[in-house]
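> Sequence:
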Amino acid sequence: MKNATYLFLIILFFLSSCSLKKTNNENTKAITGNDKKIKLNLKKDADTILKNWVAYYKQKESAFSLKNFMYKNSDTLIVMQGTVIGNFDKNFDSIYTNFIVFNHDKNKYIDFDSYNWALGEHQKPLFSPDQEIDLVDLKSQTVNRIAFRGPLQWVEAVFWENDSTVVLLENSADKYPIITKLELYGKKIKTFKYLDSLKFESNYFQLRLRKKGIKL
Numbered sequence: 001m002k003n004a005t006y007l008f009l010i011i012l013f014f015l016s017s018c019s020l021k022k023t024n025n026e027n028t029k030a031i032t033g034n035d036k037k038i039k040l041n042l043k044k045d046a047d048t049i050l051k052n053w054v055a056y057y058k059q060k061e062s063a064f065s066l067k068n069f070m071y072k073n074s075d076t077l078i079v080m081q082g083t084v085i086g087n088f089d090k091n092f093d094s095i096y097t098n099f100i101v102f103n104h105d106k107n108k109y110i111d112f113d114s115y116n117w118a119l120g121e122h123q124k125p126l127f128s129p130d131q132e133i134d135l136v137d138l139k140s141q142t143v144n145r146i147a148f149r150g151p152l153q154w155v156e157a158v159f160w161e162n163d164s165t166v167v168l169l170e171n172s173a174d175k176y177p178i179i180t181k182l183e184l185y186g187k188k189i190k191t192f193k194y195l196d197s198l199k200f201e202s203n204y205f206q207l208r209l210r211k212k213g214i215k216l
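According to my numbering, the sequence shown holds residues 1 to 216 in order.
No lab work stands behind these hints: they were computed from the structure.
Just so you know, even glycine gets a beta-carbon here, dropped at the ideal spot from N, CA and C.
Careful: at least some of the hints might be erroneous.
[Unchecked claim] The calculated lysine-lysine pairs, modelled on BS3-like cross-linking and capped at a C-alpha distance of 27 Å, are:
(1) K215 to K67
(2) K106 to K139
(3) K67 to K187
(4) K58 to K108
(5) K212 to K58
(6) K188 to K175
(7) K188 to K90
(8) K106 to K212
(9) K51 to K39
(10) K108 to K175
(11) K215 to K193
(12) K190 to K215
(13) K175 to K43
[What the hints assert, rightly or not] Derived Cβ-Cβ restraints for the label pairs, each shown as a range:
(14) K51 to L126: 29 to 37 Å
(15) L126 to I38: 34 to 42 Å
(16) T97 to G120: 17 to 25 Å
(17) N107 to S197: 32 to 40 Å
(18) I38 to Y185: 31 to 39 Å
(19) Q81 to K175: 14 to 22 Å
(20) E61 to I38: 19 to 27 Å
(21) K139 to T48: 32 to 40 Å
(22) S128 to E61: 22 to 30 Å
(23) K139 to E161: 15 to 23 Å
(24) E61 to K211: 17 to 25 Å
(25) Q81 to T48: 39 to 47 Å
Using the sequences and the hints, build the whole thing.
The following block contains the structure:
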């Protein structure tokens with residue numbers, strides 16, 4: 001009798017597992033099907049930072065277009081405490097003042113520089129291979145990491161699409177430009193990758209530093 005009970009429980013567990021696996025597979029297929037319809041929906045004139053970034057790439061490759069960015073994947077936005085210093089702190093280095101990217105209301109900003117580089121000898125920047133992208137809230141005086149990049153993919157510029165969406169303009173070691181949308185309230189990440197690799201190495205990040213007075 002006891003063996004029969006065990007056998008029944010094993011069969012029940014097996015059937016439940018199969019049912020759950022089937023449901024998960026169906027959900028995955030449904031999400032994948034819907035994802036194919038996701039478009040970037042960015043206009044190059046929507047923001048000055050985006051406009052300048054696109055203009056730089058078009059100057060290098062005339063065929064460059066936002067229309068060539070295809071949806072790659074979605075993910076959950078993981079927010080954790082950042083390690084950089086906000087400009088509300090007395091220890092904030094004013095060298096980064098011109099590099100922070102404010103939202104429309106000027107009560108939040110994005111910092112993707114101060115983790116990545118610091119001025120060394122002769123006032124020239126020393127770079128880290130890693131890059132932390134932080135959201136700084138001036139009202140709550142908090143610093144939160146919203147993205148992190150390594151040497152194979154880096155953020156060249158950032159702008160606010162609206163008060164709840166931050167857009168990262170990126171490049172990679174394999175020369176594929178990437179645009180990442182971070183939905184702060186919905187805690188979602190949407191990544192769009194260029195259709196093909198480019199024929200040149202971007203130095204947009206370095207040009208950005210030079211324009212703001214940093215010697216390279």
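> Failing hints, ascending?
1, 4, 7, 10, 11, 12, 18, 19, 21, 25
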